[in-house]
Every structure is written in C-alpha cells, then in structure tokens.
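Using the hints, put the two chains back together into the complex; each one sits in its own frame.
So you can see what is in the structure, the chains are spelled out below.
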Amino acid sequence: MQIIKKIGLFIFLIGLAIFTILPFIGEFKVTPATLDQIIQEKGISSELFIQRMEENVVGKEFQGMLSLSPKITQILEEANAQHRKDKDYKKLIYTGPHDMAAAVGKASGSGFVLENKGLMWFLTFGLGILGSLLFIIPNIVLLGKKGIKNNGIYHENATNRGWIAWMVFVFLVSFYLVLYFRSEYAVNWTYLVDPISEFLSGNPAGHWFVYGFMYCTVMTVMAVRMYIKYRHNMYQMVRTTSVLFFQIVFAFLIPEIMVRLQMPYYDFKNAFPLDYDFFFQWNLKSLMNSGGIGLFILVWGIVLTLVIVPVMVYFFGKRWYCSWVCGCGGLAETLGDPYRQHSSKSLFSWKVERWLVHGVLVFAVAMTLMTLYSFFTDSGTVLGLKTQSVQNTYSLLIGAFFAGVIGTGFYPIFGNRVWCRFGCPLAAYLGFVQRFKSRFRITTNGGQCISCGNCSTYCEQGIDVRAYAQKGENIIRSSCVGCGICSAVCPRGVLKLENGPLKGRINPTEILLGNDVDLMDLVNKK
Amino acid sequence: MEHIVIIGNGISGITAARHIRKLSDKKITIISAESNYFFSRTALMYVYMGHMKFEHTQPYENWFWKKNRLDLVNGYVSKVDTANKKLILKSSEEIKYDKLIIATGSKSNKFGWPGQDLKGVQGLYSKQDLELLEANAPNSEVCKRAVIVGGGLIGIELAEMLRSREIPVTFLVRETSFWNGVLPKGESRMINEHILEHHIDLKLDTNLKEIISDEKGWAKAVVTDKGETIPCTVVGLTAGVTPNIDFLKGSGIETGKGVKVNNFLETNIADVYAIGDCAEQHDAIGSRRPVEAVWYTGRMMGEALAQTICGNKRAYNPGHWFNSAKFLDIEYQTYGWVFSEKSKKDQEQHFHWRHPKEKICVTIAFHKDTKQFLGINTFGIRMRHEILDRWLTEKRNMDYVMEYLKDANFDPEFYAQYEENIVSHYNSLYSANIASRKKSWKRIFSNI
Chain A
1 MQIIKKIGLF IFLIGLAIFT ILPFIGEFKV TPATLDQIIQ EKGISSELFI
51 QRMEENVVGK EFQGMLSLSP KITQILEEAN AQHRKDKDYK KLIYTGPHDM
101 AAAVGKASGS GFVLENKGLM WFLTFGLGIL GSLLFIIPNI VLLGKKGIKN
151 NGIYHENATN RGWIAWMVFV FLVSFYLVLY FRSEYAVNWT YLVDPISEFL
201 SGNPAGHWFV YGFMYCTVMT VMAVRMYIKY RHNMYQMVRT TSVLFFQIVF
251 AFLIPEIMVR LQMPYYDFKN AFPLDYDFFF QWNLKSLMNS GGIGLFILVW
301 GIVLTLVIVP VMVYFFGKRW YCSWVCGCGG LAETLGDPYR QHSSKSLFSW
351 KVERWLVHGV LVFAVAMTLM TLYSFFTDSG TVLGLKTQSV QNTYSLLIGA
401 FFAGVIGTGF YPIFGNRVWC RFGCPLAAYL GFVQRFKSRF RITTNGGQCI
451 SCGNCSTYCE QGIDVRAYAQ KGENIIRSSC VGCGICSAVC PRGVLKLENG
501 PLKGRINPTE ILLGNDVDLM DLVNKK
Chain B
1 MEHIVIIGNG ISGITAARHI RKLSDKKITI ISAESNYFFS RTALMYVYMG
51 HMKFEHTQPY ENWFWKKNRL DLVNGYVSKV DTANKKLILK SSEEIKYDKL
101 IIATGSKSNK FGWPGQDLKG VQGLYSKQDL ELLEANAPNS EVCKRAVIVG
151 GGLIGIELAE MLRSREIPVT FLVRETSFWN GVLPKGESRM INEHILEHHI
201 DLKLDTNLKE IISDEKGWAK AVVTDKGETI PCTVVGLTAG VTPNIDFLKG
251 SGIETGKGVK VNNFLETNIA DVYAIGDCAE QHDAIGSRRP VEAVWYTGRM
301 MGEALAQTIC GNKRAYNPGH WFNSAKFLDI EYQTYGWVFS EKSKKDQEQH
351 FHWRHPKEKI CVTIAFHKDT KQFLGINTFG IRMRHEILDR WLTEKRNMDY
401 VMEYLKDANF DPEFYAQYEE NIVSHYNSLY SANIASRKKS WKRIFSNI
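So the sequences go chain by chain: A and B. All residue numbers for the first sequence refer to the UniProt record's numbering, where the first residue is 1 and numbers rise by one. All residue numbers for the second sequence refer to the UniProt record's numbering, where the first residue is 1 and numbers rise by one.
It should be emphasised that the hints constitute simulated quantities derived from the structure, not laboratory data. Glycine included, every Cβ here is placed at the ideal spot set by N, Cα and C. It cannot be assumed that every hint is accurate.
[What the hints assert, rightly or not] Below, computed lysine-lysine pairings styled on BS3-like, alpha-carbon distance capped at 25 Å:
id: 1; chain 1: B; residue 1: K27; chain 2: B; residue 2: K107
id: 2; chain 1: B; residue 1: K359; chain 2: A; residue 2: K146
id: 3; chain 1: B; residue 1: K220; chain 2: B; residue 2: K107
id: 4; chain 1: B; residue 1: K185; chain 2: A; residue 2: K145
id: 5; chain 1: B; residue 1: K395; chain 2: B; residue 2: K371
id: 6; chain 1: A; residue 1: K437; chain 2: B; residue 2: K127
id: 7; chain 1: B; residue 1: K326; chain 2: B; residue 2: K53
id: 8; chain 1: B; residue 1: K79; chain 2: B; residue 2: K127
id: 9; chain 1: A; residue 1: K471; chain 2: B; residue 2: K359
id: 10; chain 1: B; residue 1: K27; chain 2: A; residue 2: K471
id: 11; chain 1: B; residue 1: K144; chain 2: A; residue 2: K145
id: 12; chain 1: A; residue 1: K146; chain 2: B; residue 2: K22
id: 13; chain 1: A; residue 1: K351; chain 2: B; residue 2: K371
[Claimed, not checked] Here are some chain B residues the structure puts well away from chain A; computed CB gaps all over 10 Å:
id: 14; residue: Y37
id: 15; residue: K53
id: 16; residue: K79
id: 17; residue: P184
id: 18; residue: D225
id: 19; residue: K260
id: 20; residue: D271
id: 21; residue: D283
id: 22; residue: R314
id: 23; residue: K326
id: 24; residue: S340
id: 25; residue: R384
id: 26; residue: E413
[What the hints assert, rightly or not] Over the 10 Å line for every Cβ pair with chain B, so calculated as not near, a few chain A residues:
id: 27; residue: K42
id: 28; residue: R52
id: 29; residue: K87
id: 30; residue: F122
id: 31; residue: F280
id: 32; residue: Q281
id: 33; residue: S379
id: 34; residue: F432
id: 35; residue: S487
This is chain B alone, in the form it adopts within the complex (with noise of 0.2 Å):
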C-alpha cells in the first residue's frame, strides 16, 4: 500500500489527508510537533480572549482520526533524505515515505532587530506562542505594556486580545496608514480611527530599533526611531510570517522563499509535494503572490493536490480571489481585487461609499475605460460571495453592479440596508442614474 506522509497539520495538510482518505485506500501518515490533533489557528486569539476553549478549535473530535485511519504521529522531523525516501525525527525515529508533502505553514518574521530573541519577545502563530502569551501576559498586572510591532492581521487581531484583558498597547506601524499597502485610503483611515477608538496607542510611519533587556534577559522597553523609548514587558513581533522550511537544508529539495513548486504542487524532486503557506509558486498565478499566506488558500491546494496523489493531476487553479478579516469590531470582506494606491495601476479606479457615522464603508474597483467590475472591499457589510464571484466570471460592468448590489448582500435579517445611499452616491459622482433593484432570490439562485 502506497504511504503518503504528510509534514504539518495544519488546514492544507490534513484537508489533503481528508480527501486522500475519501479518494482512495492508502496509508496515510500525518506528522507535527505543535500539536497532536489539527486546530484552527485562526482561532487562537478566542482562546486568549476567552471565547472558547483551546478544545473548540479542534474541528474533529479525537476519534475521527483513528476512524479514517489517519495515522497522527507527534514529531518534530529534523531531515529529509530524499535519495532513500525517508524523514528522520529529532527523536531519530525514521519513517519511510512513498510519497511526501511538505505542509509545514509558516513563521514569524524576524528582521534581525536587536533583542528580538529576548524572553517576553514573540510572535503569534502557534499553539506555543499562545502558550507564551498566557504566560507572559495574563493579566495587566503582570504585563504593564505591550508594544506590537508591525501593522498587519496577526498585529492587530494580538492587540485586540491584549486589549480584551486591559493590557495597555502600544502599535508600531511602519505605513504611514494602518495596512494601507492593502487597503485604500479611505478604509485604512477608518480602521485608523477605530484603533484608537479601542484605545490603542497606534504610532504609524514608525520603526522599532532595537528591544532593551533587563538584567535577567527579559524585555523591558523598544527604542524606535523616532528616538521614542517605551517601556513594556511583553513584544510582540507580528511584521509578517514567512516559509517554516529551515529543516529542508541539504535535502536537494529547491527553495526560495518557500519551497519551489510548479502548478501541480510538485517540487523539484519526484513525489515531494509543497502546498499552503510553505510552497512558493515558480509563476504567481494571476495577481496572488508566490507564496499564498491565507487559510483558504492552503485548504484548495490540499484539495487540488489529493486529485493529483490520486491518480487525476490537477494543477492548482485557483478561481476569483477573495478574502476576509475582522479587524476589531469590524469585519472586512474582499472580493476579486482592490489594490491600494501603491500597488494600483493606472485603469484601476475607486468608487468609495463611507457611512456618516457608522464604521461602514464600501470600495469598488472597475477598469477606468470599459467599466469593468474588477473587485469590492466591505467593511461593516456582509457580501453574498457566490453572487460577486458570478459577476466576475460575468465579467459585469459597474452600472450592473450598481444595479443588482441588493442582491449581493449578506447580512443578517433586519439589518439596516445601505444600497440605496451607495448607488445615490455613485449617481451624484458619475452623473449616472441607475435605479437599484430589489433583491431577486431567482436571480440569487439561478444557477442552481
């Protein structure tokens, strides 16, 4: 019986694992050193702030494994010997594979800072690091200040959890807006505002220097350069996350970045596969980055990739791009693309709606010329991800968009609607004179 192995269990290992399990009989060897059951990361920060338990992120109860005949092994591999197929474990336990894929996720960047490997020094990425931050920031008492470091998702979903406790937090940001190499102005100055309506210290266009220790090695304030000292106890370090791929050293397998595959997910030796946050494609499909840090992302190539294991190659494929976030209080959605004015290109044009009061805004993108309806970002408004994924497909133009945007939205029952002011504001900046239409479950469900 062929034996595949699987490094890492996270979502894109184990969702490989799951439809391998479902498409044939093989013997199926999943391996991690974080955790002895798959969790869902994304669900840390609930743990800390007290949401749920660490049990919750389970997503199978502990049978399901044993069940499906998915062998979970609790290792930390330590060599990969591609010539003789085989991995060896710290413990020097070997396990030999037919096939291997390397799912081994990310971790957190380091930029070489002056004492980012101080004690009360850590990112957020894994269990452990959750482990940490209980145990250096349980309370305001004994974390007097935090000071997060990089302005992106992990950064500010670790203030929010830090602040759920009363720690007091500072924010280096190096962008002069929060995440505005992502987002538009417009939304990046509202996601300003409400940081600091969660009184955090948001200090943007700033850079951390170096982290100061205290006699006994433990961090005890960060210089930036601005020439600011800021006393804390705990920092966190959340500027990005990068490939975890520092075992494969020696193991023949190529690597950039992350590990180097091609469309199918093959690396450069035979029956060695890459896939979620470690692979980096050769050729970045459409506008996504080479290497794809996102949940969604990792599940498709583990869906993609099991085709392949299966006997029916499939390349990795993706459709429409599409994300989402919540940054604090507000959730964001983003569907097709919507760069920020760093990254746009000249036909890229915003159409941008922001509620008076509310902490809700719209930004759409279309082609400049055609009016093409390129991507949408919400913030404070639920989006019907199949309806935008058709328009796109659909390749819509604006004045359709505008049109039909009822039927796209997604909030819950007898939430106040805002279509109507958004296509008023269209109307009044393009002089156009579109009508927005009910909402239409036949056309919601027309492709069913």
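Chain A on its own, in the form it takes in the complex (with noise of 0.2 Å):
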C-alpha cells in the first residue's frame, strides 16, 4: 500500500511539473490575420499600436510566452503613453497589456501543445488526478478502522508549516498571481481545456475557465480524500457532497451551459456581496439587456441576499451556505482540510478578524452604494471620489489578493480559512444573523469535557471551542461556518451542532452540570 501512495505521489508530481513548465514553452506566431482579428475584436484604433506590432511581432516567432509578452505590453504600454501625450484619448487602447497579450498568444499558438490537447491534457491534468487519487486511496485500507485519524499531523512536514508546506504556498501563491496579474501565462494551461469548454459553452477556454476546471477537478479528488478520513461521520459525507454538487453544477456547469443558451454567465448560488460585482454597471447592463433571464438574475440576485440567505440562517445557521454550498468554503473543506488546524485561536487573531471582516463588509456596501447612485444619477463621482477607481480599489484588494492569492495561497500557513474568517463579507453578513437571530448552535453537552483541546485546535474559523466546551457554554459565533469538524474530533462526545429553539440557546455558565444542583442555581442564574 505504502508503495501505491509513493507511485502515485510520483505521477503526481510528474503531472504537476508538465503542468508547471507549461507557461514557459510552445510557439508563437502572430499572422497578419491574427492581428487583424484581434484589432477587429477589441476596437482598436490606434495605428501607432498597429504598426508596431506589425513590425516586431507580426510573422516572427517566439519561443515561449516570456518572449512574446514583454513586445506586446511595452508596445501597447508605449503607444498609450504617446496618445495621453498628444491627449488624443480617442486612441487610447483599455485593454489591459496583460490581457492584450494573453488574446494574441491565445490566437497565435502552434506546435506541440495545440496539436495534441487531449494528450497534453493527460499529462497534466490526468496524471495529476491518477497521482493523487493511487496517493489517496489506499488510506482506506492504512487508516485502519474507521474514526478520527489525525495521527501524525503535527509530525508531517507537509502539514506541519515545513518547507513542503512553504512549496505548496509558493505554487499557490504564483498560480494566483499568474491567474489574476499575468493571464497570458495561463495560454498554454487554456489550450488543454480547449475541448472541454468547446464542448460546454461552444467557445475556446480563456483562463478562468482553467481555473474553474481545475477548481472541480480539486474539489473532486479532495472530496475523495474527505469521504475516506471521515468515512464514519454521516454528517461529514453529506455535506461534501452538497459542497461538491453546487460547485460542480451551480458555479461551473450552468453559468457555461447558459453562455452557449446566449444568457449571461451567472452562478446562482453566489451571493451578493461575496459576488461584489453583481451591482456594477455593467453587470446591471448586461442583465437588463438579458430579456427575461436577465430580469430573473437581477430579482432572484436581490432576493437572494435579502431573504432567501438570512432566512435560511435562521433555520440552519450560516453552515447552510459556507460549508454546504459556497464555492470559496468548498474548496476550504476539501483542499483546504489537511490545513485546518492553523488557524490562530489567539484573542489578537480574533481582535483582527472583528475589524478586517467587518471592515471589508462596510467596503463592500459603501462601493455598492456609490455604484447605485452612480448608475441612477450617471454622475461617475460620489462626494469627490470616483466610483470607478473604488471599484477597481475593491476588485483588486478584496476580490484579487485578498480572495484570490491570501485566501487560497495561505492555506499551508494560516489554515484554510483565511478569506473566509478575515475577508468574507457575506460570512460578515451572515455571522451578524448567526449571532443574534438563529436556531443554530453547537450543544456543549453538560460537563463532559475534558478541556483536551482537539475541537480548538481543529477548528479552521480560529474560534477556541474549548473555552465555551470547558465552561458547558454553547457556542454562538457568527464566525462559525459549522464544518462539523469540532464535534468529529471531540473524544468525549461533548459537542452537537443542531438546530434548536432560540431560548436558552445563549446559555453562559459558570458552574457545569454534575455538580451540586444548587451551588449550579446560585452560580449560573445570578
């Protein structure tokens, strides 16, 4: 068995090495006929941009994309610059130089990869998904009987902060980087989905169908890993699975199966203002443009933060949508899992989380809000401020490295929940409902606890369960996304996460049950 995992621990890292040298190689030749496509495509109307890309990129070719690119970005980079010159802003090109770069490369590859995509996609992807399913599933049979099996996490080095958990961080960190700053790197990485996403929405794959594809296939084989470990918890087994189906049909399937019906892309179950663009103009354009559908994404968007999300917090607690449905919580339970325990239980942590949660929250609306009066009023100031450079302040720092390279790329360091816990401002949201009006708790079961402390340290929102266990408190935190984990972990039996009526639901106590019954009256009820 130990060799199958070694064997598929090989492939995988084989896999994954294809799949990282991939942004470095292939050929590029951009034919006249490209360009004029991409000039068609992208209105431009610069000549000074045309004509230089005529001279130095047009029927040369190029080895790699680190050839390519810094042609492309210094000449749109420089024609730009000579157009705000000449204040001849009509020839301004806004397309980004990055992603300038990423359409040229994506309509000018040739050579290997393009001309064997399925077999490029077995080397990658399929190599990683047959390395780490041989790594993974022997664990039915070495984890032994089931139950909670953390041995040794605290002695691997990969789950342990050691260098293999700081590579982890790198490549995360990097892929992100390259996804949001550098698309044109991901060319190559498009081309292996080509069919996958020709076959879905009819079109080519552009990066964030890469990342989208690569989001499920992680999902996937992580909730493999997920069923095996927790093999004995029901409660585990079911709730992967539902994080599993709406990202794989809600946030992948649909929004492309809409693109190729001609409706806009929409996930449904993405919840303003996690989905913070929902009110921007040109989401707001696009959907009112939609006829029907459109109208129908527009209320049920509405509705959906209104009422549906708060209603169902009420009944549920926020579990419903962070560890049930969320693509973001998804792919925390799942790739996210071997990393829960880093998560920092320290007063200051929580002190931070308060602030920068909350903070992000208030972000979010005020943008939304300025957004609104900006659409309604179409004036692009609110009180001096730009409406358009807040929003790219937000899709930058919140959307891009806040989500995206901090919430991901730390999972190795600070646990799986980065984004979730600091930055999320629907789990925000959601935690004000959590905390003052649900029939959500975690049921501290009388005087049972030990204080041994694995409900803590596993517990991936950083909330210390033990101090409310060892108290015989129920837990009320609008931070908990009720993953379940504390009352798997739990030795004694003591935690339950259930639904209950709200009286006595907040039940401070000083002296626990199996005690004198009235020293238990005169402490608690004081």
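Spelled out as structure tokens, the structure:
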C-alpha cells in the first residue's frame, strides 16, 4: 500500500511538473490575420500600436510566452503613453497589456501542445488526478478502523508548516498571481481544456475556464480524501457531497451552459456581497439587455441576499451557505482540510478578524451604494470619489489579493479559511444573523468536556471552542461555519451542531452540570 | 490581603484559582514543578500522536495569568510548615500562606515489581512522562516492542499512542477481560475484540512478574506470571494512579491513601484544604470512591472550594455520577451507575443491546423490582447529559427511558439511529410493548 502511495505521489509530481513548465514553453506565431482579428475584437484604433505590432511581432516566431509577452505589453504601453502625451484619447487602448498579450497569445499559439490537446491534458490534469487518487485511495486500508485519524499531522512536514508546506504556499500564490495579473502565461493551460470548454459553452477556454475546471477537479479529488478520512461521520459525507454538487453544477456547469444558450454567465448560488460586482454597471446593463432571464437573475440576486440567505441562516445557521454551498468554502473544506489546524486561536487574531471582516463588509456596501448612485444618476463620482477607482481598488485588494492570493495561497500557513474568516463580506453579514437571530448552535454536552483542545485545534475558523465547552456553554459565534469537525474530533462526545429553539440557546454557565444542584443554581442564575 | 496558595496547577487547582479570582480580590499563588502553565493532562496522548502540539493542550493563553493576577511559581514544594503557615520549596525559597490548597494530583502506581525503576520503564501521567516516552519510543526502530502493564484507561491510551507510531505493543491485563471490574461483560468483550483489531497483543489474565535489565540498566524484557518472557524496549506501568502526597510527611496533615478531607474539603489542619485526585473523603459520597481521580470531579471540587474560601461555605456535593472515555476508536459514556458483574448488587439488572456488525452497544441498569432507571453505558453512541441527569433525578423507570430514548441521543446529525432497534430488543426480552417516541425539542429544553 505504501508503494502504491509513493507511485501515486511520483505520478502526481510529474503531472504537476509538466503543468508548471507549460507557461514557459510553446511557439507563438502571430499572422497578419490574427492581428486583424484582435484589432476587430478589441476595437483598436491606434495606428501606432498596429504599426509597431506589424514591425516587431507579426510574422516572427516566438519561443515561449516569456519572449512574446514583453514585446506586446511594451508596444501597448508605449502607444498609450504616446496617445496620452498627444491628448489623443480616442486612440487609447483600454485592454490591459497582459490581457492583450493573452489574447494575442491564445490566437497565435502553435506546436506540440496545440496539436496534442488530449495528450497534454492527460499529461497534466490526467496524471495529477491519477496520481492523487493513487496517493489517497490506499488510505482506506492504511487508516485502519474507521474513526478520527489525525495521527502524525503535527509530525508531517506538509501539514506542520515544514518546507513542503512552504513550497505549496509558493506554488499557490504564484498560480493566483498568474491567474489575476499575468494571464498570458496561462495560455498553454487554456489549450488543454479547449475541447471541454467548446463542448460546454461552444467557446475556446479562457484562463478563468482553466481555473473553474481545475477548481472542480481539485475539489473532487480532495472530496474523495474527505470521504475516506471521515467515512464514519455521515455529517461530513453529506456535507462534502453538497459542496461538491454546488461547485460542479452551479458554479461550473450551469454558467457555461447558459453562455451556450446566449444567456448571461451567472452562478445562481453566488450571493452579493461575496459576488461584489453584481451591481456593477456593466453587469446591470448586461442583465437588463438579456431579456426575461436577465430580469430573473436580477430579481433572484436581490432576493437571494435579502431574503433567502438570512432566512436560511435563521433556520440552519450560516453553515448552510459557508460549508454546504459556497465555492470558497468548498475548496477550503476539501483542498484545505489538511491545513485546518493552522488557524490562529489567539484573542489577538479574533480582534483582527472582527475589524477586518466587518471592515470589508462596510467597504463592499459603501462601494455598492456608490455604484448604484452613479448608475441611477449617471454621475461618475460620489462626494468627490471616483466610483470607478473605488471599484477597481476593491477588485484588486479584496477580489484578487484577499480572496484569491491570500485566501487560498495561505492555506498551508494560516489555515484553510483565511478569506472566509478575515475577509468575506457575505460571511460577516451571515455572521450577524447567526449571532443574533438563528436556531443554530453547537450544544455543549453538560459537564463531559475534559479540555483536551482537539476542538479548538481543528477549528478552521480559529474559534477557541474549548473555551466554551469547558464552561458548559453553547458555542454561538458569528464566525462559525458549521463544518462539524469540532464535534467529529471530540473524544468525549461533547459537541453537537443542532438547530433548536431560540430560548436558552445562549447559556453562559460558571458551574457545570454534574456539580451540586444548589451551587449551580446559585452561581449560574445570578 | 489574604494570600491563597495552591500547590498544583492541574484542573482542580486552576479551577479553584479562577473561581476565587471571580469572587474576590485575594492574592493567589499557584505553585507547580511540572509545567509553567496549566495544560490539559488528558490531551498529552494527542501530542505524542501528532494530533496537537503541546501548546494546544493549554486552555488559556500565557497572558491570562498575569491579567487575572494569578501568580505562577515554578517550584517543587518539599515541606509544608503548618505551624508557621509557610511552604519550603526545593530551592529553599519560602512562601507564606494564609490558606493553603493542596491539589497535587496523582502519580503512577508501582507495586514493587522487580525492575520497576529500570530505564525504559515509565508511567503515563505527567508532562515529564510524555517527554520520556518521546525519548524512549520515538519510533519502531528505537522501540522494537513495548509492554504495557495494567488494563485501565491509561493503559489503553498508551497502547493507542504507541500503535500510532507502528510500535508493536503487548498489553498485559490482570483481569480475565478488559476492565471488567468496571464494565459489564458484554461491553468488556467488545473492547477486547476492538483491541485485537488494532493489532495489539492483548494478554488477559496475565500479571507482570519482573522486568529484566540489560547490562546498562535498561529494561530488555518482561517475565509474566505465565512464565513467558517478552523482549521489549519500553515498559509502560499503567496499573492505576495514587495520590501524589509524599511531600506532606511530617506536616501534621492527616493522610490515608490521599489527603483526608471532610465534605467541605477541609483537612484536619485549619486553613489547609485538599481537592482533586489527591483528596480522600473520610466518607465516600454515594457510590463514589473516597479518592476520585477523574477530570471533572477535580473541577467540581475546585468550584465548590472557591465558594468556601470566599466566605460562602459549601460542601462538595456532586450530582449524579457520569464519565466518559475513548477506547481506541470507540467512544464511551456513562451516566448514573452501571456496575460490572463483579461489583453489582442483586437488585441491579442489566439490559444489553449490541449492534450486529458495528462496535456499538448499550447497557442500561435498572432495579429488578421497581424497574427504576439506575444508569446507562453507551459505546459508539453519544448521549445528552442533561436528559439523563434529569431522568436520574426524576427516578424514571425503564418504560419511560425506552419510550423517550430518542430525546437522549446526542450523535451528530445524519448519523444512523438505533433507538428503534434497542427498544424492539427490549420489547422482545421483557415481553413489553413500548413504542419509541419521536425526539422532541420541547421536552429536551423543557427546563429552560
């Protein structure tokens, strides 16, 4: 079994290596036709750009994106600089330099990768999936009898912030940086999934399709790991199935199929303010121009945030969204599960958390109010602030850096819920409802707690669960996403996630059940 | 300002300190030679197994103590001078007290076995024991085999720990079935099976005769009373614990097995109290033992004593007995009294149900004649403490317990429920006709 695991790891690493090399290889040959097509698509009117592209790029062969990209970004930036200098604003190109490089690259790739998409898919995704499954499945036997199997988590380099964890950190951060800021390097990856994208939406794949496909793949493989690790725990089995279903069907398949049906791309479960650009002008316009379905989405999006989400939180706690439905939560609960123990439980972290997460919520709401004001009044500024720049700042800082680069990249170091805990504005909103008006609680089982600390250690949201359990107090915390792991790892059956009457839900106690009844009355009812 | 000095920073001493701080402004000093900060002893096993780091066993952050003006002293009390109300530490430092709380816990039993003090022979109680085990049994290369002597809760935990590092384990158990002095036979048998499933070499009805030394003073084998010699690297002595009170000799404080206390946790000397594992009640409370080495009883004594110290004199008057443990993968909970065949009285009758395939079972004790519910043991099913405590107080009978059993289930959502099977087994055994009622939040929360 150990041998199978090692072979699996080896195969996975080969797949990963090939995947990692891809951004740096490949041939690109830009034909005049390609350039014309780009000029058409992007509506470019800068002769300077076209001329310099023709001189320096068209007809030449480039080995790898590293040689092509700097040329294009340089030409574009210089052309724009010249137009600004000449105050010739009509000729400015609004496509970002790296997006331009990506567009040109995508249309001009040639060579082995492009001619062997299927084979290359197998050598990257295929080997990755195969290898990981070979690595994971022997655990059915190796983990022994079903039950909590956390043996060695703090002895393993990968799960105890050793060098492997740091390598994963570097890889994930780099991957997100490419995705958000250097998408031209993802061009080779897009070729691998072109056939799948064309099958679903009819369009060739962009880098976000690569991300979406990869997201589903990673979640599926890591869900297999969850199924094996928690096979004694039905709550985990059902929950894992749920997040996987919502990711694959709602976040991935439905939006792609909607595009094929000439409808707007929309993820029906992605609620504002997590879906922060829902009220952005371009989105509202696109929805309004999409007929009945657009209108439906508009109404659905508003009802989802204002009615469905809070009502569901009232009945089931925010877990129904955060650890049963949400995509970010889904990745955290599958890929992130091996790192859950790294979330800090200190009081200091809690203070930081409250300021940050609520700060982001305020930011998101303020930005949206500005956006709506600008939309209805047709003014680009609110109180002297440019709506567009506020939106750009949010997209960059919160949308890209916080949710993506930090949120996922920092899994191996700060735990798997960095974004959900410190940054997600939707989580902050649901948290208010959960804290003040919800039937959900984690019940502490009388006096059974032995303060061992498994619950706190494995709480991905950094809640010091033990601090409540050892006082016999129910856990009512706005940040709890109801993953149920505290209850799973508890060796004494102390914790139970449940929905019950509001009365007596919050029950601070000083003296625990099992002690002198009179003393309990005296101290607890004071 | 009155100076309260607490010897021992375990759950009892720390609970007392916290509650005294809540109730008063007294000066509080806590002395321990084991660790700088309070940690949860019950979690030491998880540190060795790699589930946690030692720091995770500390329920309070390090700033907590200063903020709450709980002075921590790292030192070993070698003498208590009750006449002058002072303690003398090993470092010959002296600490004066106005009131003294002895909460020094336990130490591992050693019954005078030949070779019990050899290197490689150890108990599992303290932080130092954990560090020793890490040194003696870091992996199966260094530790070729470990022999564990004593089939109780610590013994099975130690076995689980060593198995987590693939170290072969031989488990010597004096009894004819695991822990059958406490567990009824059906349950004990199930745990025997589970121990074997974990590839632990369980030797029942077997005693340690001697531990053999190699030329360097390390244990190299044990000899059993069956005449078998088992080569090993580490010997774990887990045949129970005993109060850790040797330092009190000559202090005038009355001791028996532990520090003798009355219901108010007072010793024979004024202003000296004892709580937790090291305290021994003059008269046992209910069916409890005079010395209760249980996590939560230590906590409860601390809670009660804090009231007394702060001028609200209260006896230690625990409610219904309960406890829990985990045998490898099987969780165990108990509420009320379910005695083993060895110790149960004639009027105590048992109803036992076991799952046909899974390692899940239930034993309910009731009065033979009145059918009054006396207690319940569950394995692999979690129960709701509040409900069972209420049923015990209300002296419910078996029919009631069976009918409302679903109210008492505390398993996570979506778990398979076995109440129907349990009740139908009960019906068939006792020709009863009880129908299991649906779980009701209203009943569960009726006392709020």
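Status of each hint after checking the structure:
1. B:K27 with B:K107: violated (29 Å)
2. B:K359 with A:K146: Between K359 (chain B) and K146 (chain A) the Cα gap is close to 11 Å, so the pair holds against 25 Å.
3. B:K220 with B:K107: holds (24 Å)
4. B:K185 with A:K145: Satisfied, since the Cα-Cα distance of roughly 23 Å is no more than 25 Å.
5. B:K395 with B:K371: Answer holds: K395 (chain B) to K371 (chain B) is near 10 Å, not above 25 Å.
6. A:K437 with B:K127: Not OK: K437 (chain A) and K127 (chain B) at ~43 Å, beyond 25 Å, violated.
7. B:K326 with B:K53: It holds: about 20 Å lies between the C-alpha atoms, which stays within 25 Å.
8. B:K79 with B:K127: holds (23 Å)
9. A:K471 with B:K359: violated (31 Å)
10. B:K27 with A:K471: holds (24 Å)
11. B:K144 with A:K145: Holds: K144 (chain B) and K145 (chain A) sit about 23 Å apart, inside 25 Å.
12. A:K146 with B:K22: violated (43 Å)
13. A:K351 with B:K371: Given pair K351 (chain A), K371 (chain B) is violated - Cα atoms ~54 Å apart, limit 25 Å.
14. Y37: Its Cβ never comes within 10 Å of chain A, the nearest being 13 Å, so this holds.
15. K53: violated (5 Å)
16. K79: K79 (chain B) is indeed farther than 10 Å from all Cβ atoms of chain A, at 31 Å.
17. P184: Non-interface label on P184 (chain B) holds, nearest chain A Cβ at 20 Å vs cutoff 10 Å.
18. D225: The assertion about D225 (chain B) holds, with a minimum of 31 Å to chain A.
19. K260: Per Cβ check, K260 (chain B) is outside 10 Å of chain A; nearest 21 Å; holds.
20. D271: holds (22 Å)
21. D283: holds (17 Å)
22. R314: violated (6 Å)
23. K326: Since the minimum Cβ distance to chain A is about 4 Å, K326 (chain B) lies within 10 Å and the statement is violated.
24. S340: The assertion about S340 (chain B) holds, with a minimum of 21 Å to chain A.
25. R384: It is violated; R384 (chain B) is separated from chain A by about 7 Å at its closest Cβ, not greater than 10 Å.
26. E413: violated (5 Å)
27. K42: Given that every Cβ of chain B is farther than 10 Å from that of K42 (chain A), nearest at about 52 Å, it holds.
28. R52: About 59 Å separates R52 (chain A) from the closest Cβ of chain B, which puts it past 10 Å; holds.
29. K87: K87 (chain A) clear of chain B: closest Cβ-Cβ about 61 Å, beyond 10 Å.
30. F122: holds (36 Å)
31. F280: holds (39 Å)
32. Q281: Label holds. Min Cβ-Cβ 43 Å, cutoff 10 Å.
33. S379: Correct as stated: the minimum Cβ-Cβ distance to chain B is 50 Å, above 10 Å.
34. F432: At roughly 24 Å from the nearest Cβ of chain B, F432 (chain A) sits farther out than 10 Å, so the non-interface label holds.
35. S487: violated (5 Å)
Hint violations for this structure: numbers 1, 6, 9, 12, 13, 15, 22, 23, 25, 26 and 35, all remaining hints satisfied.
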